[in-house]
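S.K.: Chains G and H supply the protein sequences, listed in that same order. Mapping to this note's numbering: the first sequence position 126 is 126, numbers consecutive. Every number in this note's numbering is 1000 more than the matching position in the second sequence, counting from 1.
By construction, these hints were calculated from the structure, which means they are not laboratory data. Heads up, a few of these hints could be off.
[Unchecked claim] Covered, in the sense of this in silico footprint (three residues per stretch, anywhere, with C-beta under 8 Å from a C-beta of chain G), are these stretches of chain H:
{"id": "1", "region": "1038–1051"}
{"id": "2", "region": "1209–1221"}
[Said to hold, decoys possible] Sample of chain H residues with no beta-carbon within 12 Å of chain G, all distances over it, derived:
{"id": "3", "residue": "F1159"}
{"id": "4", "residue": "N1176"}
{"id": "5", "residue": "F1256"}
{"id": "6", "residue": "K1303"}
{"id": "7", "residue": "T1315"}
Every residue, glycine too, gets a C-beta built ideally from N, C-alpha and C.
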Amino acid sequence: MYVDFQHIIKTIILGIFASFFIMLHSSGDILKYVNPKYEYISKIAMVIFICLFLIQIFRILQKKKRAGHVCTSGCDHDHHGNGVLSLRKVFGYSIIAFPMVTGFTFEPATLNAKIAGNKGLFAQISKGNEDPSEKPSLTENAESLTEKENIDIYSEEYNPIPNNNYMSEEELDDKKKLLQASETIEMREDIFGSYYGSINKAPQDYIGRKIKMSGFVFKEEGFTSDQLVLSRFMITHCLADASVLGFLTQFEEASIFEEDTWLEMEGVLDVTTYDGYEMPIIKATSWKVIDEPAEPYVFPVITLLQ
Amino acid sequence: MQYTHMAAPKKTFMLLLFIICCIFLGPLFMSDQFSMEAFQQLNTIFLSIIIEAIPFVLIGVLIAGFIQIFVTEEHIRKWIPKSKMKAVWVSCIAGSLFPACECGIVPIVRRLVGKGVPLYAGVGFLLTGPLINPIVILSTYMAFGNDMKMALLRMGVGFLAALTIALLVSWLFQTNQLKHKEHFHTHDTAAKQPFFQRLKNMLHHSIDEFFDMSKYLILGAFVAAALQTFVSAQSLLLFGDSIFHSTIIMMALAYFLSLCSEADAFIGASFRNLFPSTSILAFLIYGPMIDLKNTIMLLNVFKAKFVFLLLFLITVIVFIFVHLTTFI
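Take these sequences, add in the hints, and give me the full structure.
M.R.: Written as structure tokens, this is what we have:
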């Protein structure tokens, strides 16, 4: 009997990957990493990892002369074990193990104002593109993301899960009517992206309307002391594609609030120009500091296929 | 044993990548920007990319394993016709139907060319194999907000670029450009084995492929997450915000990140509020055709002069073709 050391390492790593995915799904932390619509495909990945792990276990105890191992092409994988564990291989395995180490060690963090600043909410708009269609401003971006998400390939095959942002066409229509008709525009999580897009598209139409929203504070260089941005991150797929949906907000006490403070705010919409660009602004009337919500991100609306 | 000499370039590559990471990321970690909080942000984005991409990588390695065991190169070689033009077309189409990643395809192409498949057909196959296949298309479709436009452009423009490059190669090179005159002996015993043995072999291949591929994905995800955490959008635009500049930046990123084509769509998509779609298209087409790790593998198989000329051709052709899309 011959035990291949590399097969043991591979078995351990596959086992860790499998348990990481099991942990993500059982704790619900998966929603802190990716858009909930990836839950299903990620569960498939979990099952594949478990299968591969089980198969790999049996590979540890193989006879040295690998009967029946076929290499149909000059495959350069490391699977001709040979038991020699070179420095290069150790380096390779540690790269693969690295995300699992950090994944188990650290709690998932919520994206903060620093990241929002890097994304450059207003920098992008004020950059002065000669061709706006080439580089969409954030507002257009948000709108188009929401629109594009309207059809989802999973919606036919699977039932919506509670946290998933599925809506029927009627529901979405109702919500959109509510945006026009309601006394106060309530920026709820499920419709945030859609409302945000509409308001930014035609800020003039909403002047004088009451608005209620919650979000985190972030500030950019060049803001006056009574200005801050109250924003949410919208996650289309994973955190890497997070876009900042934020309203410029104005009230005297704005300077008290540090970045990353969560506020619930009511105010009146108005229009302002920032670096020559017209954008909505909230004149805050009341606000209170709140805890970071359990679901800090908003997701684009997905309507069910009829 | 032909496998042993793969070790040297891989070592060189790892070393190169390590040095590049140190040069680019080192200062960021040492600067005052770095804090535990920043690292946790980075780590969360990093894991997020991996968690999202890994299901696609898994599906990719399962298919690759299947092809490896159940389809022989003989099948593909039989379809290559005698005429140059036809052969280029057929090889590009065969590559489009053949799901492989850019690291997996190099050894296959070496074997094909060694067995007598013309070099230009090998190149066509090499370029379209990783670029156009169902998984890449599906992941591109999903990464760009379930929008077919980017996936279609990636397929269409990529295919035309691959055709052009393969044709140019057919005019420029007459010999097979292989570094070593390798003697390929067939050991395709696969067909004679019982089904379950083959299924087992397929899964073993998939596991090894997973370990081979995920290294590059993880490194790429880490670099991408670090860029997002420490580098603001504005500073990237400092290089110049013209469309040419941003395309060059995206192509350089594609080359150095060396992402697997199954997952690069997600990383490409994460740049879409920074760069115009033309530049992102360049990223999506250029990356699967050639990148750092691929170059090193090719250098191991083909003569250096050929590899560098191929690298040059791919860069120029993709750059031109991508910018032609703005006129559509």
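S.K.: For every hint, state whether the structure bears it out.
M.R.: Now for the hints, and whether the structure bears them out:
no. : hint      : verdict
1   : 1038–1051 : holds (count 12)
2   : 1209–1221 : holds (count 9)
3   : F1159     : 24 Å, holds
4   : N1176     : 15 Å, holds
5   : F1256     : 16 Å, holds
6   : K1303     : 18 Å, holds
7   : T1315     : 22 Å, holds
Consistency with the previously given hints is maintained throughout, with no hint failing.
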